[in-house]
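*Asks:* Sequence lines, in order, name chains E and U. Following this note's numbering, the numbering of the first sequence begins with 1 at its first residue and continues without gaps. Following this note's numbering, the numbering of the second sequence begins with 1001 at its first residue and continues without gaps.
Among the hints, erroneous ones may be present.
To be verified - Pairs of lysine-lysine, DSS-like flavour, derived with a Cα cap of 30 Å:
| id | chain 1 | residue 1 | chain 2 | residue 2 |
| --- | --- | --- | --- | --- |
| 1 | U | 1393 | E | 42 |
| 2 | U | 1197 | E | 11 |
| 3 | U | 1393 | E | 11 |
| 4 | U | 1439 | E | 42 |
| 5 | E | 42 | U | 1109 |
| 6 | U | 1197 | U | 1162 |
| 7 | U | 1248 | U | 1199 |
These are computed hints drawn from the structure, not numbers from a lab.
Residue strings, one per chain:
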Amino acid sequence: MRRISPIQRFKMMNPIIQLFKFFILSIKVMVIVAGGHGGTRKVN
Amino acid sequence: MSKIVVLGAGISGHVAASHLRRKLTKEHEVVVVSPNSNYQWIPSNIWVGIGRMPSKKILFPLAPLYKKKGIDFKQAKAVTFHPEGDLEESKPYVMAEYVTGDKQGTQEKVTYDYLINATGPKLNFEATNGLNPGTNKTYSVCTYTHAEHAWDGLNNVIQEMKQGKKAKILIGTGHAKATCQGAAFEYILNVEQELRKHKVRDMAEITWISNEYKLGDFGMDGMLMSYGSITMKSSEMVEMIFEDRDIKWILGAGVNKIEDGVAHYENLEGDNKSEPFDFAMLIPSFSGHGFKAFDKNNQEITDKLFKGFMIVDADYTPRPYEEWTVQDWPETYQNPSYKNIFAPGIAFAPPHTISKPRKSRNGTDIFPAPPRTGMPSGITAKLVADNIIDSVKSGKESLKHKGSMGNMGAACIASAGYGLLDGSGISITTFPIIPDYKKFSKTQGRHLGKTFGSIGLAGHWLKLALHYAFIYKAKMKPFWWLIPE
Ligand SMILES: Cc1cc2nc3c(=O)[nH]c(=O)nc-3n(C[C@H](O)[C@H](O)[C@H](O)COP(=O)(O)OP(=O)(O)OC[C@H]3O[C@@H](n4cnc5c(N)ncnc54)[C@H](O)[C@@H]3O)c2cc1C
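Produce the complete structure using the sequences and hints provided.
*Replies:* What follows is the structure, given as structure tokens:
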């Protein structure tokens, strides 16, 4: 069943659009990774 | 002078050893004990398993690197733990058994001041009757040798399809409580694309079999995510992908027996069913290694250290799903009984699953065990190393560095097909890994801005870029430490 429309597929596979996406994705992933981590328990 | 012993040289053991070596002066010893001579970048096994990447590209020998960097390497496996030493040895030690060379089979007491148990999971194929990679037409991609065999098996089936034989392909989880659905998900999409490339897609019926209650659970209770300008459930995203690629699915399935080309399973309705196949890749259950521990007088104290995996600073009090909180999850990965022992990565015992536990009508538990992917494995290893470094330098215990999976994000870039211009990847980020249903009560426990999904060629490039970046980092090449975990 074609659940992904031709226009969506074109956007997903077009190298130029995807090159921009690559940079955006890399930054977004870096933000999550470098965004830090920590504890969850409050110390009284 | 301190001696830090790291057990295991997988993602977490290697990350810990390399940071320890970089930040501690040479008067302190860093020792790695691991049975495998090679480091392997496990996520790229998926591409080995479809014949697109030779295994030599995902591994390198550890001994020369460790020698160059001043890390002592023992190609041995830990056998027993002695956190108080014994009547002859006053220092705590691990009994290690050499697995190769002249010393093969001999045991050595490896003493330590600090111990990092980064032994990951035991691939528990025995837990499923007949599930043994390379037999009964079932394969695994959990190690590079398994992945090589998987490609041989898949290639045979592809050649048969080219001769006109139809084939059934089954990919997913091979046990009622298996984890690592993400790896199987990547593999099924890569196999599907390979069949198209070999022009035999119409000859194959591809089926996903999983212990998940819903598609896209991934052992993380699923997630609500941003997808472009809309908000979507991970189940909807995976359903869209599977339907688009004509992949069938069987959910809530606890595979319990494999016979030649047949997987037997029980489903949540309590029915016993079977699914035939010509090629299957099924992820086994992961378990602890069954280590035993002894006190100074050689009395067994295994339950102080292990609960399957290693006991750390989690809250293990049994509670119903509705009462679970993020605070149950560990922050420092320190063993509460022996404060100089730590267990990052997959080696620590989780307090409970992340996905909602479910039983079949016959009372069989069928739900995913909690995954600990590469990123949290690396992050937890680094924070353990940093706490040990601070403790060594200050001469007193320091636990300043904390990283609960309930306050940590993860990026999972799942390959959905290999190819520089026709490849694809599904990029999913999640924050936090353990859903915090109190903090993010309206968005299924996750921060929507930091939990998103994206499909396309860029995902494949990103996965490939990560492959090269992480191998560069693992080889400890110049400025490797600038690349985050
Ligand atoms: C096919 C596949 C694909 C994956 N893809 C991804 C992905 O795309 N992204 C992602 O984030 N994660 C992925 N993962 C998960 C990721 O590989 C794991 O999270 C990670 O490897 C866990 O690291 P670890 O160091 O805890 O365990 P491991 O990497 O399993 O390392 C354990 C180490 O301990 C050693 N050891 C075992 N027994 C002993 C013993 N008795 N004594 C001493 N040492 C011992 C082993 O030889 C090994 O070196 C994937 C996993 C698989 C199987």
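*Asks:* Could you tell me which of the hints above the structure violates, numbers in ascending order?
*Replies:* Going through the list in order, the structure violates hints 3, 5 and respects the others.
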